[in-house]
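Residue numbers (the numbering used here), protein chains in the order written: chain A, 3 to 300; chain B, 6 to 433; chain C, 2 to 290.
Bear in mind the hints are in silico, worked out from the structure with no lab data behind them. Don't be surprised by glycine CBs; every beta carbon is placed ideally from N, CA and C. It is possible that part of the hints are untrue.
[As the list claims (entries may be wrong)] Simulated pairs of lysine-lysine, BS3-like, Cα-Cα distance not exceeding 27 Å:
hint	chain 1	residue 1	chain 2	residue 2
1	C	Lys-116	C	Lys-131
2	C	Lys-69	C	Lys-88
3	B	Lys-218	B	Lys-159
4	B	Lys-267	B	Lys-159
5	A	Lys-257	C	Lys-116
6	A	Lys-257	B	Lys-267
7	B	Lys-66	C	Lys-69
8	C	Lys-69	A	Lys-287
9	C	Lys-88	B	Lys-66
10	C	Lys-117	C	Lys-131
11	A	Lys-257	B	Lys-320
12	A	Lys-257	B	Lys-218
13	A	Lys-287	C	Lys-116
[Stated by the list, open to error] Simulated coverage check for chain C against chain A, where a stretch passes if three residues somewhere in it have a Cβ under 8 Å from a Cβ of chain A:
hint	stretch
14	18-30
15	62-72
16	104-117
17	153-166
18	259-266
[Stated by the list, open to error] The following label-pair restraints were derived from C-beta to C-beta distances:
hint	chain 1	residue 1	chain 2	residue 2	range
19	B	Asn-382	C	Thr-78	18 to 28 Å
20	B	Asp-412	C	Met-17	57 to 67 Å
21	C	Ile-91	B	Gly-364	57 to 67 Å
22	C	Arg-16	A	Tyr-292	45 to 55 Å
23	C	Thr-63	A	Leu-142	18 to 28 Å
24	B	Asp-412	C	Thr-78	51 to 61 Å
25	B	Arg-55	A	Leu-140	49 to 59 Å
26	B	Arg-396	A	Ala-276	46 to 56 Å
27	A	Ala-276	C	Ala-80	41 to 51 Å
28	C	Leu-269	B	Arg-55	42 to 52 Å
Spelled out, the chains give:
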Amino acid sequence: MIYSDRRAGLAFAMPFLIGLLVFTLFPFIASLLLSFSNYQLQDPIAEAGYVGLENYSAMAADPTFRQSFWVTLIYVFVTVPLKLAFALLIAFVLNFRLRAIGAFRTAYYLPSILGGSVAIAVVWRYVFANDGLINQSLQLIGMDGVNWLGEPGYAMATVILLRLWQFGSAMVIFLAGLQAIPTDLYEAATLDGAKPWTIFRRITLPLLTPVIFFNFIMQVVQAFQEFNGPYVITGGGPLKSTYLLPLMIYEETFKYFDVGYASALSWFLFLVIAVLTALAFRSSKYWVFYSNEKEAPK
Amino acid sequence: MKIAILRNTLLAALFVLALPRIALADNVQLRMSWWGGNDIHRTLLDSVRRFEERHPGITVKTEYTGWVGHLERITTQIAGGTAPDLMQINWNWLVLFSRHGTGFHDLRDLDATIDLSQFDAEAMAMATIDGRLNALSTSMAARLFYFNETTFAKAGLAPPSTWDELLAAGPVFRDRLGPDYFPIDLHLQDVIALTRSRFVQETGKPLIDEAGKRVNASPQQLADMARFYQSLVDAHVTPDVRRRASYGHVAPHEMRPWIDGKFAGTYQWISAIGKFIDTLAPGQRVVLAPYPMLTDAKDAGLLYRPAMMYAINAKTRHPRESALLMEFLLNDPEAVQAMELKRGVPVSRRAIEHLERKGAMQGLSVDGFEQIEGLPNAVIESAYFEHARVRDAFIDAFERFAYGRIDADAMGQRLHDDLNRILARTIR
Amino acid sequence: MSAKPRPLRRPSRQRMSAIVRYAILIGVGFLMLYPLLWMIGGAFKPNHEIFGSIGFIPQEPTLDGVIKGWNTSTEYTFATYLLNSFKIVIPKVILTAISSVLVAFAFARFAIPGKKVLFGLLIATILLPKSVLLIPQYLMFREFGWLDTFLPLYVPSAFATEGFFVFMIIQFMRSLPPELEEAAVIDGCNSLQILWHVLVPMLMPAVIAVALFQFMWSMNDFLGPLVYLSSVENYPVSLALKMSIDVTEATSWNQILAMSTIALLPSLLLFFAAQRYFVEGTTVGAVKG
Numbered sequence: 003m004i005y006s007d008r009r010a011g012l013a014f015a016m017p018f019l020i021g022l023l024v025f026t027l028f029p030f031i032a033s034l035l036l037s038f039s040n041y042q043l044q045d046p047i048a049e050a051g052y053v054g055l056e057n058y059s060a061m062a063a064d065p066t067f068r069q070s071f072w073v074t075l076i077y078v079f080v081t082v083p084l085k086l087a088f089a090l091l092i093a094f095v096l097n098f099r100l101r102a103i104g105a106f107r108t109a110y111y112l113p114s115i116l117g118g119s120v121a122i123a124v125v126w127r128y129v130f131a132n133d134g135l136i137n138q139s140l141q142l143i144g145m146d147g148v149n150w151l152g153e154p155g156y157a158m159a160t161v162i163l164l165r166l167w168q169f170g171s172a173m174v175i176f177l178a179g180l181q182a183i184p185t186d187l188y189e190a191a192t193l194d195g196a197k198p199w200t201i202f203r204r205i206t207l208p209l210l211t212p213v214i215f216f217n218f219i220m221q222v223v224q225a226f227q228e229f230n231g232p233y234v235i236t237g238g239g240p241l242k243s244t245y246l247l248p249l250m251i252y253e254e255t256f257k258y259f260d261v262g263y264a265s266a267l268s269w270f271l272f273l274v275i276a277v278l279t280a281l282a283f284r285s286s287k288y289w290v291f292y293s294n295e296k297e298a299p300k
Numbered sequence: 006m007k008i009a010i011l012r013n014t015l016l017a018a019l020f021v022l023a024l025p026r027i028a029l030a031d032n033v034q035l036r037m038s039w040w041g042g043n044d045i046h047r048t049l050l051d052s053v054r055r056f057e058e059r060h061p062g063i064t065v066k067t068e069y070t071g072w073v074g075h076l077e078r079i080t081t082q083i084a085g086g087t088a089p090d091l092m093q094i095n096w097n098w099l100v101l102f103s104r105h106g107t108g109f110h111d112l113r114d115l116d117a118t119i120d121l122s123q124f125d126a127e128a129m130a131m132a133t134i135d136g137r138l139n140a141l142s143t144s145m146a147a148r149l150f151y152f153n154e155t156t157f158a159k160a161g162l163a164p165p166s167t168w169d170e171l172l173a174a175g176p177v178f179r180d181r182l183g184p185d186y187f188p189i190d191l192h193l194q195d196v197i198a199l200t201r202s203r204f205v206q207e208t209g210k211p212l213i214d215e216a217g218k219r220v221n222a223s224p225q226q227l228a229d230m231a232r233f234y235q236s237l238v239d240a241h242v243t244p245d246v247r248r249r250a251s252y253g254h255v256a257p258h259e260m261r262p263w264i265d266g267k268f269a270g271t272y273q274w275i276s277a278i279g280k281f282i283d284t285l286a287p288g289q290r291v292v293l294a295p296y297p298m299l300t301d302a303k304d305a306g307l308l309y310r311p312a313m314m315y316a317i318n319a320k321t322r323h324p325r326e327s328a329l330l331m332e333f334l335l336n337d338p339e340a341v342q343a344m345e346l347k348r349g350v351p352v353s354r355r356a357i358e359h360l361e362r363k364g365a366m367q368g369l370s371v372d373g374f375e376q377i378e379g380l381p382n383a384v385i386e387s388a389y390f391e392h393a394r395v396r397d398a399f400i401d402a403f404e405r406f407a408y409g410r411i412d413a414d415a416m417g418q419r420l421h422d423d424l425n426r427i428l429a430r431t432i433r
Numbered sequence: 002m003s004a005k006p007r008p009l010r011r012p013s014r015q016r017m018s019a020i021v022r023y024a025i026l027i028g029v030g031f032l033m034l035y036p037l038l039w040m041i042g043g044a045f046k047p048n049h050e051i052f053g054s055i056g057f058i059p060q061e062p063t064l065d066g067v068i069k070g071w072n073t074s075t076e077y078t079f080a081t082y083l084l085n086s087f088k089i090v091i092p093k094v095i096l097t098a099i100s101s102v103l104v105a106f107a108f109a110r111f112a113i114p115g116k117k118v119l120f121g122l123l124i125a126t127i128l129l130p131k132s133v134l135l136i137p138q139y140l141m142f143r144e145f146g147w148l149d150t151f152l153p154l155y156v157p158s159a160f161a162t163e164g165f166f167v168f169m170i171i172q173f174m175r176s177l178p179p180e181l182e183e184a185a186v187i188d189g190c191n192s193l194q195i196l197w198h199v200l201v202p203m204l205m206p207a208v209i210a211v212a213l214f215q216f217m218w219s220m221n222d223f224l225g226p227l228v229y230l231s232s233v234e235n236y237p238v239s240l241a242l243k244m245s246i247d248v249t250e251a252t253s254w255n256q257i258l259a260m261s262t263i264a265l266l267p268s269l270l271l272f273f274a275a276q277r278y279f280v281e282g283t284t285v286g287a288v289k290g
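Next up, chain A with everything else stripped away, as it sits in the complex (with noise of 0.2 Å):
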């Protein structure tokens, strides 16, 4: 229902606008203004000079952000879709009449509530550690423990596993999805004689796309921003196979004190994240099924 005192809907939605513009919009735009400039941190505002794309054009020509990118597209590109896969699969195995369920679905959840702390990346330092937790196991069956944290290739996976480890936000939000889709479509596709995979493929997957949508858009966008992980566990290196750009932002303006170049990182960041978010939303006609349509798409 909607009320007709307009003004009191202003009111109440005065803290939005107020810190919209404030917190919101006029960093957005003083942070484009700043990559245009060869700000130093110590130095006072006003001494900020003005020099155009002179930062683009540096971050083209520099070798570690050009490192740090790619480290942060693989970083993304791999943990996403792994993520949900995995998740989907434990929401899946985990959408039956099991006495119990409560309990697994928080022994999946708090490793996401937790995962994020600095406390989870102090320990993932020890559990990867040469002769932490992992290796241990590793030998116990009879493999070489590895060295995680001093190998380029190794250090970026304990990255990937602490954001695969947190699978579980994203579980219980596809479990909800699961438990929303009507029984009665399922009976009445067995009665039909359909196998389970049919089912699978015919009903369940599309009935899931907009949650497997809101998924997917969430994760990329806190994937692109993980800045303890590797701030934590491995300092971004060795040989800053694990310098997300994040990361790289933070160094730039906190310990190399150039805010302009940094400001241009975050930019061009901002901008990857707008892309990929706007193709998504694009794509999502041809493959996300809203059930109140009356056909599915392709």
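Given chain A's structure and the hints, the job is docking chains B and C onto it.
Same frame as chain A, but now just chains B and C:
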């Protein structure tokens, strides 16, 4: 009636607001920050307490950390206007924070409180920008070669005094003591400093050409630096990166093999060697070795500069009290006595005199000081050599080379280009 | 939303299916939780035992790590740091709850001018990467003189800057039956009264979910405190933990694991006490979206 009440309320409010100020005028609270190992923390905390006893109206709040992350912290504080009154700073930070000389308080304004006559003109020149004295050095430092005499004796060797002897020591250690023993442990930072020293010995030029905003070494020369490092690794003189990394994210003086004597040497600042001696397991002795020189070298390539300096926050509200504290720490017999030679030989003449009278001018620090005095030491390196970006560019390049990701020539080329790019942007 | 079982198949196949499912769930669940168990167990082990085996039950239990961990190797104990965390998180949670409800009310129940655009902006802020706002916000707070205080960390929450929570409450509000509100309008109540007396009680589950999520996320917040706080005495748990692992002797592992455990304790306890709300909260936003 209302106006009267309003006026009285305002007056009362002003009075109440003024109260804390009045109360505080008697007691000044200073903030001081420094970095160091545990021995330095203990010493400075003790000196600060003595200072407070000497000056009852002043209390000092201390903030101290290890070396890692200290620059980031100070930058954030200076950038945010929350910097302490008295700060320990690194000499090359002057170009970061005080390009025009106004980043820190001009100590000449405080010469009624600080006895500047104890510091010679050269030392002060290093910290004077545009005629303003920004900081005073506690002591000067350079990197020298220190070795674990006990382990060397076990290998039947004397500590090396030339580059060739250093290279020859590696196989002896491996054959006589075992594959876990190395004559010296070089962190990548140490490698860079060491190869720089050789470069200066070969060419007589500093590595960074500050006026020209470029690096003086050619890609080939940088590649040679990498190759020399490789020869040290191949000759079992220093452990390779992977082995060092397997001990985890530990400071060199806290690594097990150093403590046990398996890594039997270090190329370290004379102001920091105390940390290393502190952690050694008992029964072992560290000695200073002669500085290896190439036969035609006209300069030893020492990176001789202030070990650390004290500076006063340009925006401090208590310049006089901060100056009193600085004067105490640098010149007062009690503070000098406590610090002794833990940070190397002090720059202050009065401090040196006092230590001489007490017979404290002996030991490794003095030996190091005398060694430096005896070496040809005219080439002055640019402060930008230790700029965060430059330093990281070196470490990245050497790391890549050390992990076998890139060969020496490619490393030299890439480092050359990276450095020129960075220097062109950074030197203003 | 209760679990709806799959249609029945022949009994033995169903049992097979159940066994397989349980096996997977228990196996994966155990692997997932093991690092946590190991962490808690390690807090009570002597140092030499920690990397000795993969078992998490201490063979020689000791409180040494926990005590040293609580005291930390810094000038303050964990009590200070926990207190700082709460000083940040509690205001943040309260302000978020209040502002999110107010703004959600505006969006869900009023025809504000430009509503569609504003709603689009709301969604956009959820997708906006925080790194692009970080530097200007830092400079802005520096000009205000708010550096090294807790203000930058919770004041923005008073302005509903976290769109996700507003969105959650909007969705929840849309699903509420309008009869009670209509009745209140007829009775002559104004919108504020309706909000407070009619809606808020019905919104409680969503508000609690918002509060819980904000609590968890804020307790975990690291970059914010890292950037804005510089005095050790103002450090919340996340910063203190990071500093401790840099400062503590390299081999005091049990101390560090103890510190991690203590750091996670508030979130753990709250989670177990209020699980239901978490799960419902997560799904409200997602499924109906």
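Measuring from beta carbon to beta carbon, are B/Asn-382 and C/Thr-78 in 18 to 28 Å?
Because 49 Å falls outside the window, the suggested range is violated.
If you draw a straight line from the CA of A/Lys-257 to the CA of B/Lys-218, is it 27 Å or shorter?
holds (21 Å)
Report holds or violated for chain A covering the stretch 62-72 of chain C, Cβ cut-off 8 Å, minimum 3 residues.
Contact hint for the stretch 62-72 of chain C vs chain A: violated, 0 residues under 8 Å.
Holds or violated: B/Lys-267 to B/Lys-159, with C-alpha atoms at most 27 Å apart:
Distance ~11 Å between B/Lys-267 and B/Lys-159 Cα, so the pair holds.
Straight-line Cα separation of A/Lys-287 and C/Lys-116 no greater than 27 Å?
holds (24 Å)
Sort out whether B/Lys-159 lies within 27 Å of B/Lys-218, counting only the CA atoms.
violated (48 Å)
What's the verdict on C/Lys-117 and C/Lys-131, does the C-alpha distance respect the 27 Å limit or exceed it?
holds (23 Å)
Cβ distance range 41 to 51 Å for A/Ala-276 and C/Ala-80, holds or violated:
Hint holds: Cβ distance 44 Å, inside 41 to 51 Å.
Restraint check for C/Lys-116 with C/Lys-131, where alpha carbons must lie at most 27 Å apart
holds (24 Å)
CA of C/Lys-69 to CA of A/Lys-287, is that 27 Å or under?
violated (58 Å)
If you look at each residue in the stretch 104-117 of chain C, do at least three have a Cβ nearer than 8 Å to any Cβ of chain A?
Result for this restraint: holds, n = 9.
Measuring from beta carbon to beta carbon, are C/Arg-16 and A/Tyr-292 in 45 to 55 Å?
violated (37 Å)
The structure is inconsistent with the numbered hints 3, 5, 6, 8, 15, 19, 22, 26, although it conforms to all the rest.
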